[in-house]
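Trainee: Residues per chain, in single letters:
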Amino acid sequence: MRSYVPAYDLIAARNLEHALSMIGDEWKPFAGGTDLMVLYEAGKLPHKKFISIRALPELRGIAVAPDHVTLGALTTYTEVQNHPVLRSEFPLLPRAASETGGIATQNRGTLGGNIVNASPAADTPPTLLVYDADLELISKSGSRWVPYATFHTGYKQMDLRPDELVARIRLPRGRQGWAHYYRKVGTRRAQAISKVCFAGALRKEGGQIVDVRIALGSVAPTVIRCYRTEVALKQEPSVADVTLAQEIAPIDDIRSSAVYRLRVAQNLLAEFQSLLSSS
Amino acid sequence: MQPQIGRSVPRKEGRDKVTGKATYVDDFSLDGMLYGVTIRTPVARGRIRGITFAPHIRWEEFVIVTAKDIPGHNGVALIDEEQPYLAEHVFHHAEEPVALLAHPDKHLLEEARRAVTVNVEPLPPVLKMEDASRVFKSFLVQKGDVDSVWSGADFVVEGEYSTGAQEQLYIENNGMVAVANANDGVTVWGSMQCPYYVHKALRRLFDLPDHKVRVVQLETGGGFGGKEEYPSMIAGHAALLAWKSGKPVKIMYDRAEDMVATTKRHPSVTRHRTAVSKDGRLLGMEIDFAIDGGAYMTLSPVVLSRGTIHAAGPYYCPNVRVKSRAVATNHPPHGAFRGFGAPQSIFALERHMNRVAEAVGLSPEEFRRRNFIRQGETTATGQTINEEVDLSGLMETAFRRSDYYVKRERFSKTNNETTSKKGIGFAAFMHGAGFTGSGEDYLKSMVGVEATADGRFRVLVSSTEIGQGTNTILCQIAAETLGADYDAVEIAKPDTSSAPNSGPTVASRTCMIVGKLVESAALGLKQMMAQSDARPLRAFSQYTAPPGVRWDDEKYQGDAYGAYGWAVYVAEVTVDMLTWETQVDDFVAVQEVGKVIHPVLAAGQIEGGVAQGIGFALYENVVWRDGRMANNQMTNYIMPTAADLPPIRVYFAETPYAYGPSGAKGIGELPMDGPAPAILNAVEHATGLRVDHAPLTPELLCASS
Amino acid sequence: MRIELNCTVNGVARTTQVYPMARLLDVLREKLRLTGTKEGCGEGECGACSVLIDGALVNSCLLPALQAEGAKITTIEGVAAGEKLHAVQEAFLRYGGAQCGMCTPGMILAAVNLLERTPHPTEAEVRNGLAGNLCRCTGYTKIFEAVVKACES
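Residue numbers (the working numbering), protein chains in the order written: chain L, 1 to 279; chain W, 280 to 984; chain H, 985 to 1137.
Hints are computed from structural coordinates only; laboratory data are not their basis. Glycine included, C-beta positions come from ideal geometry on N, C-alpha and C. Careful, some of the hints might be misleading.
Which residues of chain H face chain W? A partial, calculated answer using Cβ under 10 Å [claimed, not checked]: (1) M985; (2) K1015; (3) L1016; (4) L1018; (5) K1022; (6) G1028; (7) I1060; (8) Q1073.
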């Protein structure tokens, strides 16, 4: 434990209004803590004042409406895995949640925390991209909805003001008949950080892809939708792998190599494409 | 009285472990205790220009120790005494200790650690074995005349094999508590395998006589060799801070420090050149075996010794030359890790034997059958195998249990049709138990058994429980010999102020060597008890070599080990060709071990060793950057989880060893030798890709395809 | 500045003065002197620090004290009922589930929690249920056996 514990302050938000009045450059939100506490223990958490939003009921819960399913930002990975509508209509999300950390992490970690931690290797964000998620960002001056696809603007950069909180994640329904595919290639089978993460969904008519979404993690500075590869899959499927290679930017790092990531990403794309030949 | 041997009696300290009552070093505190941390070098090699203490810390509150504060010799007494406790003018590896700080507030201590800078003048480090110029130790083992075989051989097969560093990754990090002053001497309590190694080191550090140093082992959360020699360093540090401050001091490493600064398995490169006849008989083996010792000698000569002796394996070959060396590089010193050189040289051998088989046109198993050593034949060091050994029988058992023949054929047929390829492979090997050659003579281990005043018994040893079952089996052996109930026998805590020196807890010797001494001391006690009612009553037994054991240390010839465990391991794998990930689906471990003293503990040793071997084979990659371990976190140094490991199926054969307790041989390290070559042989069967490095990461397999 | 933390630990109400960002692991070990919960990695990877918070398995090295306010916490010291061991503890003793013992407290809590959620798990469910608890000694084989046997009794 490398940090100087007495120098850190953590207070509990009394209610949502209190939280929003405090959050800014001085006080930062603290949800499940599974990312922040790791940095803190390594002596790598320079910010020292946090406000715990974990108990705020407005940020919890999964609401099912005719056109949308809306998840509170504090929804944990465990809650995601257990929800019947998510399992039947958005299966990649509970699947990704089950592969995030281990059970103990899943009990504490939250979707909102994962989103604002903005790791390019995060496991559930690619599925949110595939499902066209929107985020509700709230502050003391109001709220706005942004497409998750434009939320991450660069490595650990996002469209989020210091006084804003991610409040809800909204997923449009109506994906009946889509085929879903998720593969996380990690350092081992459980409790692993991904080396390549591939989420995809497609809809076919008469053996042709009419709609497709592909999003990858760990191959770029942010999680990314691969729009050009989606187009290639519909128009020129035999060269989709080349398009993918141009669209992603994998690197060498402590866990893996750029060459490996690229080849695996292309292989997973091919496996995704083979969903076409199965019904 | 039912027999105690061969029964899975309850683990002696088991109840404390499952209830959270067992006291490990971080659970242990003394009044007025300070915490200590270590200041370390930032780069791999250089000169120390000075140490800067940033002004915002109230340094007067801190105890600060540097090399100047060392009362005795600034060197860890082991084989040599060159490794400094605290570097003074020059340093030879990254994270080398330079200074120590202590303070009552362990959080403030971290602030202080950040506020100290070691100012260095970097020098170019040697980071590759081939660039090394200093050799810590070398060996030459020769049998017959290997130079004469090449011209007449039908086939000559060469190969080069390498293994990387591996971190022991005991779940409990290193830690020590010390009390020290010039009047009373030094006492340390902590996590360790060898109390008397620490004792010897502390005497030299403080220039104290025997009775002024006391070392007490606390419950230890795993060792695997990583707590064989390293504890002397951290004990010395805690004691130096205690000496200077006059207060008790605890140094407890966190995971990041333990991984970056303490010992790892020696990386190795082995070159084989083998002459074989067209009917598949080994004519000559020439082996070059090199290991990276890191910056200081520590135990490299002994690791090299074991790796050298095991390099030619369980085969009969009339002409052998093994040339080996341990070289110096500017990495933190490498050290003991289960297997101790043998996993490295056996990995090379068992990969190479498959290659030789292929060249001759024989199946790997038929080639082994034609060359397995048999009773009466000699090893590479000229040791005659006097016991019954049936490696072919063990191999057939392993094949039957793993369905090897059927699977080998089926996988070869079906692999073309899928992106998921299956393979099955095996490795055959032996592992010598006890210290090499004259090592046990040198140790002269001593053991006592006591009949206590309250009608019970106590085993007196310095051998430590580190999870492997020392407490349990030594009590079992004593109980059996005394005709007493297991529950009536306890084992005294290893404390150098009272425990006889039964030698270090290493080298798979605790059951075989120390257990045998417990048996003979118990026998002696029984005889004494028949003649005397005095209590407490104690009997002792000291090691003497079995008759007829001959060893020449100069020529490295003769009876290298008193006994060998013999084994054949089979691994079944699936390789996903989309991701090049290898999953071990099933693992069969068959070994002949003399006698199984405690079935659950014995199987537990094999299962745990196989798990570490699977890690060594596929997952555990140390990433080095400028001579420093960059992936020193559990997130990035990958050890297999429950979801990664297969069922590990263990089978024992028993050919009693006359000089082991109830016939038992040592088994603690044996299981480390087989998994890596068996798995890589299976991967080659599955994919046709030939990789000769462990760990075989997906990236490495991808790069070779 | 310290805060007052009120929680229930192994059925007993406890009040302590703690820094809000103190790790629950340290509060348990140092303030409450419950040293059965262990630190293995300080990064939420090994599970040696596992405890139950309101019935959920949590790595106590990743929980700041403030967030334990009002919680019902179970540590290894609370698993046995006095002298009577839990079926999981008995099974660990019988089937060799503990070797060095360092992962054992967290592993037992993970197993107890698994059996509370899934009273008759398959071997695959046991593997996945314990995947967040690393053991270096056993290779997991006897841990699984112990857990499967524990739910039979």
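Trainee: State for each hint whether it applies.
Mentor: Now for the hints, and whether the structure bears them out:
Evaluation of the M985/H hint against chain W yields a violated restraint, the C-beta minimum of about 15 Å exceeding 10 Å. Interface hint at K1015/H: violated, since its Cβ lies 13 Å from the closest Cβ of chain W, which is beyond the 10 Å cut-off. Taken as an interface hint, L1016/H does not check out: its beta carbon lies about 12 Å from the nearest beta carbon of chain W, beyond 10 Å. A hinted interface residue such as L1018/H counts as satisfied when its beta carbon comes closer than 10 Å to some beta carbon of chain W; here the least separation is about 8 Å, so the hint holds.
At its closest, the beta carbon of K1022/H sits 7 Å from a beta carbon of chain W; the interface hint therefore holds under the 10 Å criterion. With 10 Å as the threshold, the beta carbon of G1028/H comes within range of chain W, its nearest partner Cβ sitting at about 9 Å, so the hint holds. For I1060/H, the suggested interface contact is upheld, since its CB lies about 4 Å from the closest CB of chain W, less than 10 Å. Checking Q1073/H against chain W by beta carbon gives a least distance of about 4 Å; that is within 10 Å, so the hint holds.
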